[in-house]
Amino acid sequence: MAKPKVAFFDFSCCEGCQLMVLNCEPELLDIVGAIDIVNFREAISDRGEDYDIAFIEGSIITPHDVERIKKIRAQAKVLVALGACAHTGGLNKLRNFQDTEEAKQTVYGKDANAGPFFEVLSKVLSIGEVVKVDLAIPGCPINRFEFISVVKQVLAGVTPTLPNYPVCVECKYNENECLMSKGAICLGPITLAGCDSRCTNSQWPCTGCRGLVQNPHLEADQITLIKAGLTVQDILRRYRLFYGYSEVVK
Amino acid sequence: MATKTFEIRENYVTRVEGHANIWVQVTDGKVTGCKLEVPESPRMFESFVRGREWWELHWITARICGICNHAHQLTSLRATEDAFKIKISDQTYALRVLVDDAEQLESHILHTAYLVAPDLFKAKSVIPLVAVAPEVIKAALRLKRMANDMFLYLTGFEVHCMRMCVGGFTMFPTKDELKKMRQTLDDRMPDFQLLAETVLSVAGKLPAFNRETEYISLKGDKEFPFYDGKLYSSDTKKAYDNSEYEGVVNEFVVPWSTAKRAKNKRSSFAVGALSRCNNNPDLLKTGLAAEVAKKFGYKAVATNPFLNSVCQLVETALCWERAKKILDKLIADGIEKEPPLKPNFKNAGRGIGITEAPRGLLIHDYTYDKNGKCVKANCVIPTNLNTGNMEDDLKALVPELVDQGKSPEDIKFVLEMLVRAYDPCFSCSVHLIEK
Ligand code: SF4
Ligand code: SF4
Ligand code: SF4
Ligand SMILES: [Fe+2]
Numbered sequence: 001m002a003k004p005k006v007a008f009f010d011f012s013c014c015e016g017c018q019l020m021v022l023n024c025e026p027e028l029l030d031i032v033g034a035i036d037i038v039n040f041r042e043a044i045s046d047r048g049e050d051y052d053i054a055f056i057e058g059s060i061i062t063p064h065d066v067e068r069i070k071k072i073r074a075q076a077k078v079l080v081a082l083g084a085c086a087h088t089g090g091l092n093k094l095r096n097f098q099d100t101e102e103a104k105q106t107v108y109g110k111d112a113n114a115g116p117f118f119e120v121l122s123k124v125l126s127i128g129e130v131v132k133v134d135l136a137i138p139g140c141p142i143n144r145f146e147f148i149s150v151v152k153q154v155l156a157g158v159t160p161t162l163p164n165y166p167v168c169v170e171c172k173y174n175e176n177e178c179l180m181s182k183g184a185i186c187l188g189p190i191t192l193a194g195c196d197s198r199c200t201n202s203q204w205p206c207t208g209c210r211g212l213v214q215n216p217h218l219e220a221d222q223i224t225l226i227k228a229g230l231t232v233q234d235i236l237r238r239y240r241l242f243y244g245y246s247e248v249v250k
Numbered sequence: 001m002a003t004k005t006f007e008i009r010e011n012y013v014t015r016v017e018g019h020a021n022i023w024v025q026v027t028d029g030k031v032t033g034c035k036l037e038v039p040e041s042p043r044m045f046e047s048f049v050r051g052r053e054w055w056e057l058h059w060i061t062a063r064i065c066g067i068c069n070h071a072h073q074l075t076s077l078r079a080t081e082d083a084f085k086i087k088i089s090d091q092t093y094a095l096r097v098l099v100d101d102a103e104q105l106e107s108h109i110l111h112t113a114y115l116v117a118p119d120l121f122k123a124k125s126v127i128p129l130v131a132v133a134p135e136v137i138k139a140a141l142r143l144k145r146m147a148n149d150m151f152l153y154l155t156g157f158e159v160h161c162m163r164m165c166v167g168g169f170t171m172f173p174t175k176d177e178l179k180k181m182r183q184t185l186d187d188r189m190p191d192f193q194l195l196a197e198t199v200l201s202v203a204g205k206l207p208a209f210n211r212e213t214e215y216i217s218l219k220g221d222k223e224f225p226f227y228d229g230k231l232y233s234s235d236t237k238k239a240y241d242n243s244e245y246e247g248v249v250n251e252f253v254v255p256w257s258t259a260k261r262a263k264n265k266r267s268s269f270a271v272g273a274l275s276r277c278n279n280n281p282d283l284l285k286t287g288l289a290a291e292v293a294k295k296f297g298y299k300a301v302a303t304n305p306f307l308n309s310v311c312q313l314v315e316t317a318l319c320w321e322r323a324k325k326i327l328d329k330l331i332a333d334g335i336e337k338e339p340p341l342k343p344n345f346k347n348a349g350r351g352i353g354i355t356e357a358p359r360g361l362l363i364h365d366y367t368y369d370k371n372g373k374c375v376k377a378n379c380v381i382p383t384n385l386n387t388g389n390m391e392d393d394l395k396a397l398v399p400e401l402v403d404q405g406k407s408p409e410d411i412k413f414v415l416e417m418l419v420r421a422y423d424p425c426f427s428c429s430v431h432l433i434e435k
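Chains as they are written, first to last, in the numbering used here: chain A, 1 to 250; chain P, 1 to 435.
Chain A with its partners taken away, still in its complex shape:
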């Protein structure tokens, strides 16, 4: 059987998710053996335009990005959003709560519209807001074990599914002492699991990078946060970091 042709494409992001793919050192040679990587600009010089599976990293920020992702969608049989920037827009969406022109001027001053590359959409978009996404691997950055498992399942013709419970479940399974009981603010109760509660394992609160769990208990969460001393503005600010895609923060 011919090896499936796989391509990686990056849009606006930090490229940390591609790096997590390269960080699969023990598995990398096996992965490279099982697939035919035709396009991975960060790591290889070939640029094949013929591929079956496209991994997309990053958000859609410019009109040019829109054209580019549409072309990729037309070619790919399976399109996978890799990481929060692609999946939900990630923290790039923080910009959506600001005035675009003002934001540009803050960064570039009088040169805010110096040339064509400076043209941006009025809102940062996730990949799914522009084209159909078949699968998403959430997280900022992704969990490399989840990436490997998705690749294996796709190669076996199985449709991977994501967990549907909050980070707290993993956190308790890992026998962590709850950070909330020590006065920290943690979004674990309403955030989609699958990262093995990697932040709270390191005594750092969950900031919600994998997005909201399905049917989150928002009211209960907000009551807890208000009891912990947060104002409505504080809660919104916390939610906006990674839930900028959701109606919840509008």
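Note that these hints are calculated values from the structure, not bench results. Among the hints, a few may not be true.
[Claimed, not checked] Pairs of lysine-lysine, DSS-like flavour, derived with a Cα cap of 27 Å:
(1) A:LYS172 / A:LYS227
(2) P:LYS35 / A:LYS110
(3) A:LYS182 / P:LYS342
(4) A:LYS182 / P:LYS175
(5) P:LYS376 / A:LYS250
(6) P:LYS175 / A:LYS172
(7) P:LYS238 / P:LYS299
(8) A:LYS182 / P:LYS370
(9) P:LYS122 / A:LYS3
(10) P:LYS337 / A:LYS182
(11) A:LYS110 / P:LYS373
(12) P:LYS124 / A:LYS71
(13) P:LYS342 / A:LYS227
(14) P:LYS138 / A:LYS5
(15) A:LYS3 / P:LYS138
(16) P:LYS376 / A:LYS123
(17) P:LYS85 / A:LYS182
(18) P:LYS370 / A:LYS227
(19) A:LYS227 / P:LYS346
(20) A:LYS227 / P:LYS373
(21) P:LYS373 / A:LYS182
(22) A:LYS77 / P:LYS124
(23) A:LYS152 / P:LYS138
(24) A:LYS123 / P:LYS373
(25) A:LYS110 / P:LYS376
(26) P:LYS124 / A:LYS5
(27) P:LYS346 / A:LYS182
(28) A:LYS172 / P:LYS337
(29) P:LYS122 / A:LYS5
(30) P:LYS124 / A:LYS3
Dock chain P with the ligands against chain A, hints included.
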């Protein structure tokens, strides 16, 4: 006779982080147009961090760049701690230097083995090298895993780690983990030597091109500077205060680049491993770093930008030995579980952090209000500092290559190699700040 009138356009240079295009026009053997375009879409970090809180600035700004994520966190934390006048403990300082050494190891090995080595073997990527030199590639994978495991033990994760926080660390490695890291540094030495030997065997293929420029980096007093040091220019031979940085980097905008440009005494200057080594020769006189430098024939001041990759190997050796020393001391003294120091909002003001990211000088500059919220931010990124210098190199290099009778196709290959030698990170580069 080779054609002397042609145009080169290479959109999206590969094997670099982020996006850049090379455009060169040659008419009758003369360069009549040359641009290094950076079309990276602006994500505008400096704008959207306004209003965010003191504890999360490093968590957010690390997302400027996945590859330099630890460097961004280290620099950001320095800036925030400076803004609140927090003085970190000696243990925190030692652990941060160790994290910084691991960052250089990881990034330099990635750059040398995955991104530069294929050029020297005339391969399109590291993948075909697996067939040609499987032992070397496996060694490189093990070396990268070693550095990544150091992150797991020290900071909790490889990319956008969780344990470094304002005022210290949330969690510490166990004694066993310290010993494991220490042991692995010994066990992997042959892998490093194999990688260095392999690069040395093809180092003759690095183009012989020299162009002197201004080298800007931190300068160390007793220690080779990554986490700490004084801002220094090879042209002025002067060390600057952190607060003077704007007058040294002088950022400006050109229409063909969303990454800002910078200049000091000339039309451009260089930052990165070559600048650091050129500016700190006295700190490279002993140990493994000196051996590696000697093997490759590197001597300060070198003016061939392609030697940046060689300097990265010299620095890898240096960080390796320093990491061993720090670990030995931490194992002997034991680690105290110090709680992170908290900011006193009354002290809030402006803070500047300057460190050396793997690819050069990195500056974060924040101002906080009395509620601990960020009101202004400026991040100066090494690749921005370098793009002007790269463009000036391209302008000087093209006529030499034309004179050597090289075809446009061959010229394009060398130009891409030049851009890669700087280990640029264009996605990082477009998150600059306001005046
Ligand atoms: S999701 Fe996070 S780690 Fe991944 S590319 Fe975006 S910013 Fe980087
Ligand atoms: S620390 Fe966070 S994730 Fe863990 S149990 Fe508490 S709220 Fe849930
Ligand atoms: S704990 Fe929360 S913020 Fe951390 S990786 Fe998991 S989902 Fe993301
Ligand atoms: Fe970077």
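Verification of the supplied hints:
no., hint, result
1, A:LYS172 / A:LYS227, "holds (22 Å)"
2, P:LYS35 / A:LYS110, "holds (22 Å)"
3, A:LYS182 / P:LYS342, "holds (15 Å)"
4, A:LYS182 / P:LYS175, "holds (26 Å)"
5, P:LYS376 / A:LYS250, "holds (24 Å)"
6, P:LYS175 / A:LYS172, "holds (25 Å)"
7, P:LYS238 / P:LYS299, "holds (21 Å)"
8, A:LYS182 / P:LYS370, "holds (25 Å)"
9, P:LYS122 / A:LYS3, "holds (25 Å)"
10, P:LYS337 / A:LYS182, "holds (16 Å)"
11, A:LYS110 / P:LYS373, "holds (26 Å)"
12, P:LYS124 / A:LYS71, "holds (24 Å)"
13, P:LYS342 / A:LYS227, "holds (22 Å)"
14, P:LYS138 / A:LYS5, "holds (24 Å)"
15, A:LYS3 / P:LYS138, "holds (23 Å)"
16, P:LYS376 / A:LYS123, "holds (22 Å)"
17, P:LYS85 / A:LYS182, "holds (26 Å)"
18, P:LYS370 / A:LYS227, "holds (23 Å)"
19, A:LYS227 / P:LYS346, "holds (26 Å)"
20, A:LYS227 / P:LYS373, "holds (22 Å)"
21, P:LYS373 / A:LYS182, "holds (23 Å)"
22, A:LYS77 / P:LYS124, "holds (26 Å)"
23, A:LYS152 / P:LYS138, "holds (22 Å)"
24, A:LYS123 / P:LYS373, "holds (24 Å)"
25, A:LYS110 / P:LYS376, "holds (17 Å)"
26, P:LYS124 / A:LYS5, "holds (17 Å)"
27, P:LYS346 / A:LYS182, "holds (24 Å)"
28, A:LYS172 / P:LYS337, "holds (23 Å)"
29, P:LYS122 / A:LYS5, "holds (23 Å)"
30, P:LYS124 / A:LYS3, "holds (19 Å)"
Hint violations for this structure: none, all hints satisfied.
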